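Protein chains in written order, with the numbering used here: chain A, 1 to 445; chain B, 1001 to 1123.
I should point out that these hints are in silico values taken from the structure, not numbers from a laboratory. From a predicted model like this one, the values you see are computed outputs, not experimental measurements. Only true hints are included.
The list that follows gives simulated cross-link-like pairs (lysine-lysine, DSS-like), each with its CA atoms no further than 27 Å apart: (1) K1071/B / K1007/B; (2) K280/A / K315/A; (3) K1098/B / K1047/B; (4) K318/A / K1098/B; (5) K1003/B / K1047/B; (6) K1041/B / K280/A; (7) K1071/B / K315/A; (8) K318/A / K1044/B; (9) K280/A / K318/A; (10) K315/A / K1007/B; (11) K315/A / K1098/B; (12) K1047/B / K1071/B; (13) K224/A / K1044/B; (14) K356/A / K426/A; (15) K1041/B / K224/A.
Which chain A residues stay away from chain B? Per the calculated CB distances, all over 12 Å, these: (16) V23; (17) E47; (18) A58; (19) Q180; (20) K356; (21) V394; (22) D430; (23) L438.
All C-beta atoms, glycine included, are put in the ideal place defined by N, C-alpha and C.
The primary structure of each chain is shown beneath.
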Amino acid sequence: MGYSPNTPDDIRDMLAAIGAASVEELFAPIPAQLRAKSFDLPPGMSELELMRLMREKAASCGAGITPFIGGGIYDHFIPAAVDHLASRAEFYTAYTPYQPECAQGTLQALYEYQTTICRLTGLEASNASLYDGGTAVAEAALMSLRITDRHKVILDGSVNPLHREIVTGYLHGLSAQAVQVASDGCASDLARLIASIDDETAAVIVQSPNFFGSVQDFRELAQKAHDHEALLIVSCYPIAMGLVASPGEMGADIAVGEGQSLGNHLSFGGPYFGFIATRKRFIRNLPGRIVGETVDHQGRRGFVLTLQAREQHIKRHKATSNICSNQSLCALRGLIFCASLGRKGFEELARLNYDKAQYARSVLGAVRGVEVLNAGATFNEFTLSLPKDAAEVVQRLLDKGVAAGVPLGQYYPGMERALVVTVTEKRTRDEIDRLAALLEEALWS
Amino acid sequence: MAKFYTKEHEWVEVAGAQATVGISEHAAHELGDITYVELPKIGKSVKQFEALAAIESVKAASDIYAPLSGKVAEVNQALEEAPELVNQWAESEGWICKLEGCDSAELSALMDDDAYTEYLKGL
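Start from the sequences and build out the full structure, keeping to the hints where you can.
So this is what it looks like as structure tokens:
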């Protein structure tokens, strides 16, 4: 296959077929001022030249920087099996598996993915993935409106601010309302959340570990929400599920999250995938596709897209959701990642994240003038209070090759000196010690 | 008690101010294997011919319209576990819900048994 789609001969043949003398004449109906003057592209180059250019570009935009950044997207190790298996042509080229007779491999993979998500979240039913973590939270909010036939969702202030913005965006224009409840320092203000629940509330949306890194137990909140026949939606960080109580164990009705940590590379914001799981009784309100296990007419095990009657190609405007593309390949990477690690490996991975972050929390908290803001438990992220503007400190450390964290001022006015630091299993003790030394230097010299 | 039918194949049987609603045997047969009935919420008020509930078969989803105006007083919980009751007994055990506060004057907009049988012949 040629990499240049149209050769001069192709262009000549096509123009002859439609009776145009030149490309210029073909585009003549478009007014000249609306047409591109130039695409400003350099001439073609050889593969070798191209590779050299790409390496230079990569070096100039952050490759080689040690990241302590999280905020919803994390730098985790990806076993080689993930790239290898996910790039097999059978998976890589497959499209929507509407025809089960020729898509058994894809369907089985998605079915196993759903099973994995159910085990991680402690819930009973999962779909076969959504766009990303933010749309997953928004879809969960919409689910709660449909299930309860109510119009108010309560959004905790420690939920990822980008996800909260997506939720309010989704609700804008519907007769629904998102009520924001400010957090108490780095933790959800459980008393205020509980006091906000009334008989108009469809759901309370919380996150653990939250945007500040704090891990919280929402059992009481679940109970109070259920007392008002409202739902509890918990956004969770999948790696943390190897160590902390799952949303299901805490009584959540819907669990959501960003799946990037499960085997997907950091990639300028995507493509990633969102996961969503719920109780069996709400399965007809789940958005997107669900793969089910069945038997064919000879009794052999097989997989199909199931419950299609709630989807948009049959139910039109009354569909559960009009989200019609998922992120199958990213979800498949998530499955292969989890399957590669196994239950024990997954627990060890979570423990490693926790232990390294605990070390970092103590070392960084000991830097002069620095204070850890989280009062209670954290997983692999925590919030520091600095004696200087956090964004400026981060910029100084970037020049030394370290991305120190996410400054909170851009999301929480008044928290300009707060910095969320993330430590995954990939960070070494040396890297953490170096971060502490550089921080000390940036603050005091 | 006499049954009345809509052009959309719902049936209704009125006793005083209360009416039992379902879909006709003809409709149940045409839909094929019914997999789910989305029952209305108790207390919901509907006007005649407004969407009341929804029914899903293997490959289709259809609205069920209210044959009479009224308020949902009771729903057939058995359909939650056994939607196939609608296939088996569409005009008896497969009833969908009961409406209260109905006005029997609205029956004049519906067909009786004979008229419905004639109507089906014309389809």
